[in-house]
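Asker: Sequence:
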Amino acid sequence: MASDDTSAAPSGYAPPVIDVEALAALLDGEYAGIRDLVRTNLAAHSSVLEEAERLGTDEFRERVRDIVVEMAGTGQTGMGFPAAYGGADDVGASVAAFETLAFGDLSVLVKVGVQFGLFGGAILHLGTGRHHDAYLPDLVAGRLLGCFAMTETGHGSNVQALGTVARYDAEAQEFVVTTEGDAARKDYIGNAARHAELAVVFAQLEVGGESRGVHALVVPVRSGGKVLPGIEIEDDGRKMGLNGVDNGRIRFDGVRVPREALLNRFADVTPEGAYVSSIDNPDRRFFTMLGTLVQGRVCVGGAGVSVAKVALTLAVKYGMRRRQFEASPGAGEQLLLDYGLHQRRLLPLLARTYALHFAQDVVRGQLHEVFSGHEDDPQARRRLESRAAGTKALGTWHATRTVQECREACGGAGYLAVNRFAALKADSDVFTTFEGDNHVLLQLVAKGLLTDHASEFEDLDQLGVVRYVTGLAVETVIEKASVHKLLERVRDLLPGGDEWDREAGLLDSEYHLAMLRYREEHMLAGLARRLKRGVDRKGDPGTVFSQVQDHVIALAHAHVERLVLEAFVDAFRALPDGGNKVALELLCDLFALSTIEADRAWFMEHGRLTVQRSKAISREVNDLCRKVRPLAVDLVDAWGIPSEMLRAPDLLG
Numbered sequence: 001m002a003s004d005d006t007s008a009a010p011s012g013y014a015p016p017v018i019d020v021e022a023l024a025a026l027l028d029g030e031y032a033g034i035r036d037l038v039r040t041n042l043a044a045h046s047s048v049l050e051e052a053e054r055l056g057t058d059e060f061r062e063r064v065r066d067i068v069v070e071m072a073g074t075g076q077t078g079m080g081f082p083a084a085y086g087g088a089d090d091v092g093a094s095v096a097a098f099e100t101l102a103f104g105d106l107s108v109l110v111k112v113g114v115q116f117g118l119f120g121g122a123i124l125h126l127g128t129g130r131h132h133d134a135y136l137p138d139l140v141a142g143r144l145l146g147c148f149a150m151t152e153t154g155h156g157s158n159v160q161a162l163g164t165v166a167r168y169d170a171e172a173q174e175f176v177v178t179t180e181g182d183a184a185r186k187d188y189i190g191n192a193a194r195h196a197e198l199a200v201v202f203a204q205l206e207v208g209g210e211s212r213g214v215h216a217l218v219v220p221v222r223s224g225g226k227v228l229p230g231i232e233i234e235d236d237g238r239k240m241g242l243n244g245v246d247n248g249r250i251r252f253d254g255v256r257v258p259r260e261a262l263l264n265r266f267a268d269v270t271p272e273g274a275y276v277s278s279i280d281n282p283d284r285r286f287f288t289m290l291g292t293l294v295q296g297r298v299c300v301g302g303a304g305v306s307v308a309k310v311a312l313t314l315a316v317k318y319g320m321r322r323r324q325f326e327a328s329p330g331a332g333e334q335l336l337l338d339y340g341l342h343q344r345r346l347l348p349l350l351a352r353t354y355a356l357h358f359a360q361d362v363v364r365g366q367l368h369e370v371f372s373g374h375e376d377d378p379q380a381r382r383r384l385e386s387r388a389a390g391t392k393a394l395g396t397w398h399a400t401r402t403v404q405e406c407r408e409a410c411g412g413a414g415y416l417a418v419n420r421f422a423a424l425k426a427d428s429d430v431f432t433t434f435e436g437d438n439h440v441l442l443q444l445v446a447k448g449l450l451t452d453h454a455s456e457f458e459d460l461d462q463l464g465v466v467r468y469v470t471g472l473a474v475e476t477v478i479e480k481a482s483v484h485k486l487l488e489r490v491r492d493l494l495p496g497g498d499e500w501d502r503e504a505g506l507l508d509s510e511y512h513l514a515m516l517r518y519r520e521e522h523m524l525a526g527l528a529r530r531l532k533r534g535v536d537r538k539g540d541p542g543t544v545f546s547q548v549q550d551h552v553i554a555l556a557h558a559h560v561e562r563l564v565l566e567a568f569v570d571a572f573r574a575l576p577d578g579g580n581k582v583a584l585e586l587l588c589d590l591f592a593l594s595t596i597e598a599d600r601a602w603f604m605e606h607g608r609l610t611v612q613r614s615k616a617i618s619r620e621v622n623d624l625c626r627k628v629r630p631l632a633v634d635l636v637d638a639w640g641i642p643s644e645m646l647r648a649p650d651l652l653g
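Counting with this note's numbering, you get residues 1 to 653 for the letters of the sequence shown.
Since the hints were made in silico from the structure, they are not lab data.
Restricting the straight-line Cα-Cα distance to at most 30 Å, the calculated cross-link-like pairs of lysine-lysine (DSSO-like) are:
1. K485 / K581
2. K239 / K226
3. K532 / K485
4. K581 / K615
Could you put together the complete structure from these sequences and hints?
Answerer: Here's what the structure looks like:
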């Protein structure tokens, strides 16, 4: 039910009554069962929140490992693996489990992600039957721990330039893995410093003296807890957060592994030393290989949204308890959440969290379809990779911003470790870097828009994108991206012809969609023109791209925000009439208008927003905050965060 206190709502306004149980069921969706299993496991291990502060680094790492192994025994971590190896053949369920696990200690979350998502996912998706049979049963059960050795000290996001080399010795039928210089040292590798027995190592494959690009091999790094000969492992030491995860650095000095260690789904080497692959183009082969690992980005983006949910639950509930200053003489001190500024700080973030939740539902569904489908659709895979990259970027940036705002909104109490914000802030900050730096990911999104995920998509680096775009008419770029058609369709639904943006109602979702689609179309056209102009002036394509990178990021950001809004609009429109639908429509309006307001300078510069309408939008955002205020507690309760995970006695009482 809605909160009894409606004092902050507009005069004469009757807030909708929320059915919290029904809303929670909607948010949990088809994965309610697995989410409830994870919630049960979180509650059972809730002591880890206190242990993270009390235990030393070594003890805490062991505790986190024990919890991960125990959770594996319940089946929650293996949902995405084949049933034949102890899983459930359900990729969507594995993502939902990970999202829910992010309500708890994030060292546990990341250790699960490293073990089952990265290490396990690489063996599942890059390996074949021989690797699955050898490793998956013990891996899924938590008996075999491993690590994912991709990132290097000198090569972060540029995976194609990795410096580790795996040379094939045809006479011995072995690969020789070598770290060639400090820049090629594997770094920040989760599970490496203490617990991993195996590593999936990404290295430049050399066969017969010829480089074949980056491939992955399974390399043993420990036996009986002892580091094997030829391998040097160094602890990365304490980090800003996530100190329950044993990140480490690995060097390989002529380490030999059998030919069968190559994860050979996309390429193999015969015993005699012939390189064979079903994908002739080396760039396409590389991107196809990386594309199979997209689940990590989907998971991290969803985890970011869950972190924001925890922070907002604490801040909203504290705002409903804490009083400060008298609103008028003799009236007593006022609740924090009744102050307009406090509403402005928290409630647009609440609306954006709901929006990102529904956007995450879409990308999780696409992931499930792509990886569970019987037909391989390259276009669907490209769209998934782009959407996963963009949703991850916006979701993790949102988490960082929300944790900070909520911490401040809880005053000094928010600074105490017992109230969770210290861990939330320290442990989630790196999500913006995990699974790809957010700015690099948004460049991937823009690349897809500029090329419409064409058949050449995987082959194009930044220079290739510039050359591709400059070979097309600007109008062709827009048409291929289909934004123009979307915008025209929405304009037809709005009054005012060319004045649609001034005549439409501020609370019309078609107006909101048209504004975000217009922004995206205009940015896409502007970027294409800038690229063409730079090349026409004989500019070096690399320099031209570098000079417009701010426009590249702005376009990608605008594109993903449009997708997020579409997901939210689709979600609330699908609901039956009632209080829950009204509440979600209020949140959707608040998300849309606060998004437009935040970029009002752009809309005004491009003639889509008058000064008067801009001011009207700000007034409407304030009004929507007042309408959402009586619903806020019900809206955060619907997320179903276990009370044991909220902890925070100073905030919640």
